[in-house]
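Asks: Throw the hints in and build the complete structure from the sequences for me.
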Amino acid sequence: MLTGVTRAFSDDIAVDLGTANTLVYVAGRGVVIDEPSVVAVQTQDGTRVMLAVGAAAKQLHGRTPEPIELVRPLRDGVIADFMAAEEMLRQFLARAKRVLGFRRPRILVCVPSGATPLERKAVYDTAMQVKASKVLMVEEPVAAALGAGLPIDRAHAFMVLDIGGGTSDIAVMREGKVIATRSLRLAGNAMDEAIVNHVRARYRLLIGEGNAERIKIEAGRVGGNLSGAEDAEVHIKGREIGSGRPKSVVLTAADIAEALADPVARLGDFVERALEDLPRPTVLEIANVGIVLTGGGALLNGLDATLSERLGMRVAKASDPLQCVIRGTASILEKLDRSQPFLLPF
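In the working numbering, the protein residues as written are 1 to 346.
Everything labelled a hint here was simulated from the structure, so no lab data went into it.
All residues carry an ideal CB built from backbone N, CA and C; glycine is no exception.
A portion of the hints provided could be inaccurate.
Unchecked claim - Using C-beta positions, here's what the derived DEER-type ranges look like:
| id | residue 1 | residue 2 | range |
| --- | --- | --- | --- |
| 1 | 218 | 67 | 41 to 49 Å |
| 2 | 28 | 134 | 13 to 21 Å |
| 3 | 244 | 317 | 23 to 31 Å |
As the list claims (entries may be wrong) - Listed below are the simulated BS3-like cross-link pairs for lysine-lysine, each with C-alpha atoms no more than 27 Å apart in a straight line:
| id | residue 1 | residue 2 |
| --- | --- | --- |
| 4 | 134 | 335 |
| 5 | 335 | 131 |
| 6 | 335 | 121 |
| 7 | 317 | 177 |
| 8 | 121 | 131 |
Replies: Spelled out as structure tokens, the structure:
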């Protein structure tokens, strides 16, 4: 993982602080944390107590006699619960910093391209609370483009669409410079929510978003041609609306495609608007090489072909799309003295 990233400042840490998952990279060590962005919280005498974060929080949920709430500190790619985010980042970085001893690392954090100055400040303050010597920020799609291995220093434009858990982000780059960025607060979580709503409306069945995510991963498929997807069925269990009794149904590939049709269409609208706002010569340059998909959403079967048909240009998944953002962030750390154009002013 992250092969080729061998020379970096020993005190540098990169963080892909995602709505669904958080990845932490330590220079010279590689990715040392890759866990869900969740915190197990219990209220004791009116006070919120953070019990565990990441995978440990998920394991703890439902295994104690006292009720425990699983909190997602980020919503739409930005911090929504400052206390939970600080504790999650503190614990993740404490584990990462064990290899650094008492040194205070520089921390590079990825943020959505549409994050407001206030949202960026929340990220900055959280990182500084864990005793960073310096906090730097880069837009997620820019890091994704670097991590996807796009030849961004060439004299023609490239577009990357990074589909995460909370946001979808576009970056257009040419000759090592960022031409344009754009962000949409619709991504993998919105797809999960669409499946939840579809199952509720069609089958009068209540399921959780975790169950919906499993459905998307195991049998999710979009596009007009569902041939070959006959085996893409998934058995789900939930509670029947009204009676509250346990109920099981089987979802077909067509079922899931119907559920995902709206978020996928909105994603297509988003890319179309981004292209419309670019100069015509830039659009032609992008069309010559195509659009690259990164992030977990890129793994949805048929999404690349669906977007390609709608946009009239090649759309392809990057290699190992889940790792593109952290891989690109690591490459920035490796060449931090030459990466200033990619960093956000703060």
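Asks: Now tell me if each hint is right for this structure.
Replies: Tested hints:
1. 218 x 67: 41 to 49 Å: 29 Å Cβ-Cβ, so the 41 to 49 Å window is violated.
2. 28 x 134: 13 to 21 Å: Holds, since residue 28 and residue 134 (Cβ atoms, about 18 Å apart) stay within the stated range.
3. 244 x 317: 23 to 31 Å: violated (41 Å)
4. 134 x 335: Roughly 16 Å between the alpha carbons, so the hint for residue 134 and residue 335 holds.
5. 335 x 131: Status holds; Cα separation ~23 Å.
6. 335 x 121: It holds: about 25 Å lies between the C-alpha atoms, which stays within 27 Å.
7. 317 x 177: holds (22 Å)
8. 121 x 131: Cα-Cα ~16 Å, so holds.
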